[in-house]
Amino acid sequence: MPAVEDAGWHVRYLWSKSSGLRLGVCDYRGDRVLQSAAVPFVYVTYQGDRAGPFTDELRSTSADVELREILHGFDLKVRYDLYGPDYEYEQVWRFHDDGQFGSTVLVHGPGEEIRGQHSYHVPFRFDLDVSGKGGDCFQRRGAGEWVDVPREGQHLPVAPPNWDWRVLDRSTGKAALVRARAADAGELWALRYKRLESWSSWGGALEAVPGSAGSVPAIYDNGQSVQGANLVLWYIAHLGSVDGIAACGPWFGLEGYPQPEDDDKHPDHPQDDEHPGNDDDHDHPPGGGHHQAKPS
Amino acid sequence: MPRDIKPLSKAKQEKALAAARDHAELGAVLKGRGRAVFAEPNLPGRGKDAGDDRAIVGIYDYDRDRSIVALVDTDEGEVLGFEETPAQFQLSKDERSEAEALARKDERVRSFLSRRSMDPLTRLYFPPTGSSLDTAHRYAIVFLRPSNAERRYAVVDLSAGEVVDVLDSLVARRPA
Numbered sequence: 000m001p002a003v004e005d006a007g008w009h010v011r012y013l014w015s016k017s018s019g020l021r022l023g024v025c026d027y028r029g030d031r032v033l034q035s036a037a038v039p040f041v042y043v044t045y046q047g048d049r050a051g052p053f054t055d056e057l058r059s060t061s062a063d064v065e066l067r068e069i070l071h072g073f074d075l076k077v078r079y080d081l082y083g084p085d086y087e088y089e090q091v092w093r094f095h096d097d098g099q100f101g102s103t104v105l106v107h108g109p110g111e112e113i114r115g116q117h118s119y120h121v122p123f124r125f126d127l128d129v130s131g132k133g134g135d136c137f138q139r140r141g142a143g144e145w146v147d148v149p150r151e152g153q154h155l156p157v158a159p160p161n162w163d164w165r166v167l168d169r170s171t172g173k174a175a176l177v178r179a180r181a182a183d184a185g186e187l188w189a190l191r192y193k194r195l196e197s198w199s200s201w202g203g204a205l206e207a208v209p210g211s212a213g214s215v216p217a218i219y220d221n222g223q224s225v226q227g228a229n230l231v232l233w234y235i236a237h238l239g240s241v242d243g244i245a246a247c248g249p250w251f252g253l254e255g256y257p258q259p260e261d262d263d264k265h266p267d268h269p270q271d272d273e274h275p276g277n278d279d280d281h282d283h284p285p286g287g288g289h290h291q292a293k294p295s
Numbered sequence: 000m001p002r003d004i005k006p007l008s009k010a011k012q013e014k015a016l017a018a019a020r021d022h023a024e025l026g027a028v029l030k031g032r033g034r035a036v037f038a039e040p041n042l043p044g045r046g047k048d049a050g051d052d053r054a055i056v057g058i059y060d061y062d063r064d065r066s067i068v069a070l071v072d073t074d075e076g077e078v079l080g081f082e083e084t085p086a087q088f089q090l091s092k093d094e095r096s097e098a099e100a101l102a103r104k105d106e107r108v109r110s111f112l113s114r115r116s117m118d119p120l121t122r123l124y125f126p127p128t129g130s131s132l133d134t135a136h137r138y139a140i141v142f143l144r145p146s147n148a149e150r151r152y153a154v155v156d157l158s159a160g161e162v163v164d165v166l167d168s169l170v171a172r173r174p175a
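Sequences listed follow chains A and B, in order.
Residue 146 in numbering that gives the first Met the number 0 sits at position 147 of the first sequence, and the numbers go up by one each step.
Residue 51 in numbering that gives the first Met the number 0 sits at position 52 of the second sequence, and the numbers go up by one each step.
Only true hints are included.
With a straight-line Cα cutoff of 30 Å, these simulated DSSO-like cross-link-like pairs (lysine-lysine) come out:
1. B:K104 to B:K30
2. B:K9 to B:K30
3. B:K92 to B:K104
4. A:K132 to B:K47
5. B:K47 to A:K193
6. B:K92 to B:K30
7. B:K47 to B:K9
8. A:K132 to A:K193
9. A:K76 to B:K9
10. B:K92 to A:K76
11. B:K92 to B:K9
12. B:K92 to A:K193
13. B:K9 to A:K193
Label pairs and their computed distance ranges (CB to CB):
14. B:T128 to A:T60: 31 to 41 Å
15. A:K132 to B:E149: 52 to 62 Å
16. A:E112 to B:A100: 19 to 29 Å
17. A:T171 to B:G80: 25 to 35 Å
18. A:G83 to B:S168: 18 to 28 Å
19. B:R63 to A:G213: 12 to 22 Å
20. A:Q223 to B:G80: 15 to 25 Å
In short, the hints are calculated from the structure, not lab data.
Here the structure is a predicted model, which means the values were calculated and not measured.
Where is the CB? At the ideal position from N, CA and C, for every residue including glycine.
Use the sequences and the hints to build the structure in full.
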C-alpha cells in the first residue's frame with residue numbers, strides 16, 4: 000500500500016475499484032489516529048418517487064492520486080470522473096501539521112435535472128484508533144464540558160462547525176475531535192467496531208437513505224457501549240442539488256498528541272481554541288513552513 | 000505525483016474467489032445463481048482479520064436474494080469466516096453488462112434509441128417507496144444517453160432477468 004510521510008503524518012492509502020481513494024492506517028507524530036477511512040458510495044435521490052434511489056460509485060478513468068503540498072500540510076486529491084462530466088465528484092483528504100485532518104467530497108453535478116429536485120447523501124466512514132488498544136470512548140459536548148455517550152447511536156450537530164464530539168483515550172488524554180460542516184445537514188453515528196460493519200463497508204448500501212432506520216449505518220447499531228472500545232464513526236452529509244456544485248465532509252482535530260514546535264502552532268488549533276468559528280473551508284492563515292512530500 | 004495503485008493483485012483476487020468456490024457453503028451458492036461481486040483487501044479489518052493476506056469477498060446469491068460477505072486468507076486459500084448482510088454491494092462489471100444487454104433487447108429501449116448508441120451508465124438501484132416491484136430483488140438502472148440532450152432510464156430486475164420499466168424522467172412531472 001502506498002504511503003505518504005509528511006507534516007508529522009504517516010498516511011497509508013489505497014485506490015480501490017469499488018470505493019475510490021481509501022485510507023489505511025494513519026499515524027500523527029508516531030501515534031495512531033486512524034485504522035481506516037472511506038466514502039463507500041454516494042446515494043442519490045430524486046424527488047417524487049417516480050424513480051427510486053440509486054448509488055454512485057466513486058470511480059475514475061485513471062488511478063492517479065495527486066499529492067498536493069499546501070500551507071501546513073498536504074492533500075491527497077482524486078477525481079471521480081468515470082460517469083462523465085454530468086456526474087463528477089472530487090475528493091480531498093487533507094492533513095495539517097498540527098494534527099487537523101478531514102475529507103471533503105465535491106459534488107459537481109448537475110445530474111439529471113437542474114431545478115434542485117435531487118439530493119446527494121454522502122456517507123464518510125472513519126475507523127478511529129486513538130488508544131491503539133480498544134480503549135476509546137465517545138463523548139459529546141455538553142454545556143461547557145464533555146459528556147460520555149453510553150451507547151451506539153445517531154447524533155446531530157448542536158452548533159456546527161463547533162467541535163461537537165470527540166473520541167477520547169482516557170489513559171493518555173489523547174482525543175480526536177470531530178465537527179460537522181455547517182452546510183452539510185450532517186449527522187454522526189458512533190458505533191462499536193464490528194466485523195460485519197467493517198466487511199460491508201466496501202460499498203454496502205440499502206434502499207433507505209443512509210442515516211435513516213433500516214439503512215446504513217443504523218443496521219449496525221445494536222445498542223452496544225461506545226465506552227472503552229474500538230469505535231467507528233459514520234458522518235453522513237445530506238446535500239440538495241439546488242446549490243449546484245457543493246462540498247461536504249467532516250473535520251477532525253487532535254488533542255493530547257505530540258505537537259510541533261510552538262512557533263508552528265496555528266491560531267485555530269483545537270488545543271488553542273475548541274470553538275474555531277466559521278472555518279467552513281478549513282483554510283488557515285499564512286505563515287507556516289513548507290514541507291517536502293515524501294511518497295513511499 | 001505518486002501513481003497507485005495495487006488494490007488486490009489479480010492472482011490474489013483469483014485465489015480469494017477460488018477459496019470461496021471451494022468452501023462448502025459459499026461454493027454451493029456460487030454453483031447456483033450466486034455471483035462474486037467484488038474482492039478487495041481487508042483494509043478496514045482489525046486484529047487477526049487485517050493484513051496483506053486477508054481479502055473480503057462480496058457475493059450476491061440470486062437464488063435467495065441475499066448478500067454474503069466473506070473473509071478469505073489469500074495465502075492459504077481459505078475462507079476464514081462469512082456472514083449474511085442486509086446491505087447490497089455495488090454492481091459488478093458483469094452485472095452492469097448484463098443489465099445493459101437486457102436493456103438493449105427491450106423494445107421500448109430499441110424504439111427510443113432508433114439504432115443510435117446507448118452510451119449507458121449503470122448503477123445499483125432500489126425501487127421507490129410504494130412501488131409494486133419486489134423489493135427483495137436486485138436492480139440496476141441503466142441511463143440511456145444517445146445524445147447530450149436525450150435520456151431514458153431502463154430499470155432492470157437482475158433477479159428476474161428482465162426490464163421492468165423504462166422511465167422518461169427521474170423526477171415526477173409537475174401539474175401543468
